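Enquirer: Protein sequence lines, in the order shown, are assigned to chains Z and U. For the first sequence, this note's numbering gives the first residue as 1, with consecutive numbering after it. For the second sequence, this note's numbering gives the first residue as 1, with consecutive numbering after it.
Note that these hints are calculated values from the structure, not bench results. Remember, predicted model here, so these are calculated numbers, not experimental data. Don't take every hint at face value.
Said to hold, decoys possible - Far from chain Z, some chain U residues (derived; all Cβ distances over 12 Å):
1. Gln60
2. Thr61
3. Gly341
4. Ala418
5. Leu482
Unchecked claim - Between beta-carbon pairs, the in silico distance windows are:
6. U/Glu187 <-> Z/Gly378: 45 to 51 Å
7. U/Glu187 <-> Z/Gln60: 37 to 43 Å
8. U/Pro136 <-> Z/Gly378: 23 to 29 Å
9. Z/Gly378 <-> U/Val327: 32 to 38 Å
10. U/Arg271 <-> Z/Glu230: 40 to 46 Å
11. U/Thr179 <-> Z/Glu198: 21 to 27 Å
12. U/Asp452 <-> Z/Val459: 22 to 28 Å
As the list claims (entries may be wrong) - Each computed SDA-like pair below joins lysine to any residue, with the alpha-carbon atoms no more than 25 Å apart:
13. U/Lys91 <-> U/His67
14. Z/Lys345 <-> U/Val338
15. Z/Lys448 <-> Z/Thr390
16. Z/Lys21 <-> U/Lys387
17. U/Lys416 <-> U/Glu344
18. Z/Lys21 <-> U/Asn384
19. Z/Lys238 <-> U/Pro200
20. U/Lys416 <-> Z/Leu346
21. Z/Lys448 <-> Z/Val389
22. Z/Lys238 <-> U/Leu177
23. U/Lys91 <-> U/Leu59
C-beta atoms are modelled at their ideal positions from N, C-alpha and C, and glycine is treated no differently.
Protein chains: 2
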Amino acid sequence: MPTPEIEQTKTQETVQEALHKILDLLDKQQLVEDLVHKQGGPRQELVESLLQKQHMAELQTRLAALHPADIAYILEALPPARRLSVWDLVKADREGEILLEVSEPVRETLIAHMEPEELVAAAEQLDTDELADLAPDLPEDVMDDVFKALPVAEREQLRAAMSYRDEAVGALMDFDLVTVREDLALEVVLRYLRRLDELPDHTDQLFVVDRRETLRGALPINRLLVNDPEVLVRDVMKTDMLVLHDDDDAQDAAQAFERYDLVTAPVTDRRRRLVGRVTVDAVLDFIRQRAEAERLNLGGLREGEDIFASVWASARNRWAWLAVNLVTAFIASRVISVFEGTIEKLVALATLMPIVAGIGGNSGNQTITMLVRAIALGQINPANARKLVTKEIAIAVLNGLVWGGIIGLFAMALYKSAALGLVMTAAMTLNLLVAALFGVFIPLLMTKLGRDPAVGSSVLITAITDSGGFFIFLGLATLVLLH
Amino acid sequence: MPTPEIEQTKTQETVQEALHKILDLLDKQQLVEDLVHKQGGPRQELVESLLQKQHMAELQTRLAALHPADIAYILEALPPARRLSVWDLVKADREGEILLEVSEPVRETLIAHMEPEELVAAAEQLDTDELADLAPDLPEDVMDDVFKALPVAEREQLRAAMSYRDEAVGALMDFDLVTVREDLALEVVLRYLRRLDELPDHTDQLFVVDRRETLRGALPINRLLVNDPEVLVRDVMKTDMLVLHDDDDAQDAAQAFERYDLVTAPVTDRRRRLVGRVTVDAVLDFIRQRAEAERLNLGGLREGEDIFASVWASARNRWAWLAVNLVTAFIASRVISVFEGTIEKLVALATLMPIVAGIGGNSGNQTITMLVRAIALGQINPANARKLVTKEIAIAVLNGLVWGGIIGLFAMALYKSAALGLVMTAAMTLNLLVAALFGVFIPLLMTKLGRDPAVGSSVLITAITDSGGFFIFLGLATLVLLH
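I would like the entire structure built from these sequences, with the hints used as guidance.
Expert: This is the structure we're talking about:
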């Protein structure tokens, strides 16, 4: 008896291997082309076309064996020209799925390379919820054609899916529902399922609705399997469960999935009518995208860059952040200029001032990181906030005396001036206090204003501790050392 | 006919409400205590004890209705004294699960407050894979008792689970497997399942093994449901699927779950024997924990702080980062001190130098963020790396001329010196070049050394662009303006 072989692990390593083999094939093809280019002649061209055909066939076989997400990964890693030649080899019936998986900038390059009819064909392979995700990147006439080709019910779904804001549960939702009535026996449900070719992905529960599509409960597949077939749905269905609303925040839904270890959750509209479901894979994608957006934002990039994008496109992606920082640096510079007279008399101040500003910024960012986390964990309320300020002040004083003391001793030893050392320690402590106060205040204020405290707080605190640090240190020095 | 009520959404908002009600009850109880404390007397004590009993009963009812993850959330948000009084009200049979859900520092405070017997009882409610997660925080004698109380098979599982490094698939794995043989009819499988009280959570597939526990395939529940009961497992089982190895990197497993939209995946040892499975909820927790660790690291915190932790504990959590930054700031300060003579002659340099250093740091961090992402996406190979360096250099020159030009014009206007403006523009461009080169070089080197390029790159590049920026600007000024 022949035994079926289990496919080997397809983790990162295996995908990397596939990538290298494809790069290899592309290199070989390039080599042949270069050869012909150099030597010319009809015979070389014949050899080229034969070898090329062989390479292309091998490439196509390799691509066909890969999951759309892996093809997407490989497309991301290829420089533009090769990306497009691989794209041309991808079977037309997989293009839609792959377009969904690639990143925004790569998607744009692929779509720009496709004919309208090709795009319409790719889009038509997708479910309406997937189509809604792709729609913003498609040319208008393509979307018009796709829209016209849809059955009426799906048109409605597409319109609904596209109407939600990006951060709403509705934008995560799909429409692959299996619904049952509560007065059926499990046996009937089992027979009904057997008539389907397959169940939607991630079906861990069937949704129980009444005639008006109002959600009445859910029948977990597990219960369907372990209970007596004669039992009614009503008697084993679950009614204590998470129900999402289509206009809830997607972020709240993601937290609920993490907290309650869900695979799917039903989504209802305001009238408690079932309109769709959210699956854990959509939640995972959402979490990854958010983490990536946060990472890019912290690093000062507006959006993910295709490493093969033009210099011009990349530069523009980085300008907003550089411009903001240039303005704050310019302000700090103007603060220093107020004390040019003092620095002229004691140039050591110019040497030491970046330390005071820098450590203030680091400390302020620590406080902000701690606070953003506490806000996300719901640990902040008016009573706690007061305690927290007291605690941060205590830490600032402690750190100011310890680290400010150390650096003060250094300054004293280097410049043979006890007064300079004391000014250094005092300025460091004061700037750490400024960092602590604003480090608590900025995220709280942003939350109160309904903004995400993780975005922009870092730039603000650094601007304050830079200008503040220079002002405190140079101001103190002017008062103490020059009079 | 009475209709079952569906429980309302339990998203963030509802949990917050529960938290506020509990805080309210705790406040009332405190009020009663304070009153008695002030007025004394046996009658007041009677009133107190009656009211307290009432409040406690209400608290207990509320807590009993909450999911363990929600109780964990509420415990996190309470100051230590109240946290412990709520903890005392939690039913003993839920303590184990809740200990798993709370963060490390809060878990420590709760465990420190519990008697050994209580801890043993809590631990014994857990599955072996959960126990392995909790074990490092439990006192040794408690673990000894728990270990002795386990059946032999589970002892082996626990020993195995505890032997994996934190970043291995084995550490994510659980042992809740349902296995079947390939020569059974689906009907037999269905009957077998019906004999179980319930299936393990997240059972989307049964694992098909032979007599030696070697993995042969998987039977998705969906196929079990839609296929004819007479069909054999062998004929409908899946053999093309993701198989993890217990010593694979957990990070690779997480990527595979995202990529292939999995709910569970089988885990085998080196001899292809099925040893466990990974479920998507464990993957979600892993991803969240990694994202949080990364966020804390970027913010300069060693680990998550309990906002109610002591000043001393919090300060120590922040010292490593401050110490590193103090050293780099000190080095930058020494670089400036080399040019004290120059600054004395032209004090405007002290005013302008932080701009050159600061923008260099921002730009370097942008390059690093872009590169870390590209490395994670597998976009970096030797051929691409060379192109990338060229591109980053081009962006640096462009940005240096544009932004350096703007700030140079400002400097020129402010200090009426064309030469100073030119030095400013040139220094800015050169420092952006340094930022670009090291911004590409540092993450590549770290990856080559097998380290995570996201950790520590930012501190390094900032140190280089600070000291480098001061050196370039002041050095150029010394050469051009003073000779």
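Enquirer: With reference to the structure, classify each hint as holding or not holding.
Expert: Hints, one by one, checked against the model:
| no. | hint | verdict |
| --- | --- | --- |
| 1 | Gln60 | 19 Å, holds |
| 2 | Thr61 | 16 Å, holds |
| 3 | Gly341 | 8 Å, violated |
| 4 | Ala418 | 19 Å, holds |
| 5 | Leu482 | 14 Å, holds |
| 6 | U/Glu187 <-> Z/Gly378: 45 to 51 Å | 50 Å, holds |
| 7 | U/Glu187 <-> Z/Gln60: 37 to 43 Å | 42 Å, holds |
| 8 | U/Pro136 <-> Z/Gly378: 23 to 29 Å | 26 Å, holds |
| 9 | Z/Gly378 <-> U/Val327: 32 to 38 Å | 37 Å, holds |
| 10 | U/Arg271 <-> Z/Glu230: 40 to 46 Å | 44 Å, holds |
| 11 | U/Thr179 <-> Z/Glu198: 21 to 27 Å | 23 Å, holds |
| 12 | U/Asp452 <-> Z/Val459: 22 to 28 Å | 25 Å, holds |
| 13 | U/Lys91 <-> U/His67 | 12 Å, holds |
| 14 | Z/Lys345 <-> U/Val338 | 17 Å, holds |
| 15 | Z/Lys448 <-> Z/Thr390 | 20 Å, holds |
| 16 | Z/Lys21 <-> U/Lys387 | 21 Å, holds |
| 17 | U/Lys416 <-> U/Glu344 | 18 Å, holds |
| 18 | Z/Lys21 <-> U/Asn384 | 16 Å, holds |
| 19 | Z/Lys238 <-> U/Pro200 | 16 Å, holds |
| 20 | U/Lys416 <-> Z/Leu346 | 24 Å, holds |
| 21 | Z/Lys448 <-> Z/Val389 | 17 Å, holds |
| 22 | Z/Lys238 <-> U/Leu177 | 24 Å, holds |
| 23 | U/Lys91 <-> U/Leu59 | 12 Å, holds |
Hint 3 from the earlier list is the only one contradicted by this structure; the remaining hints agree with it.
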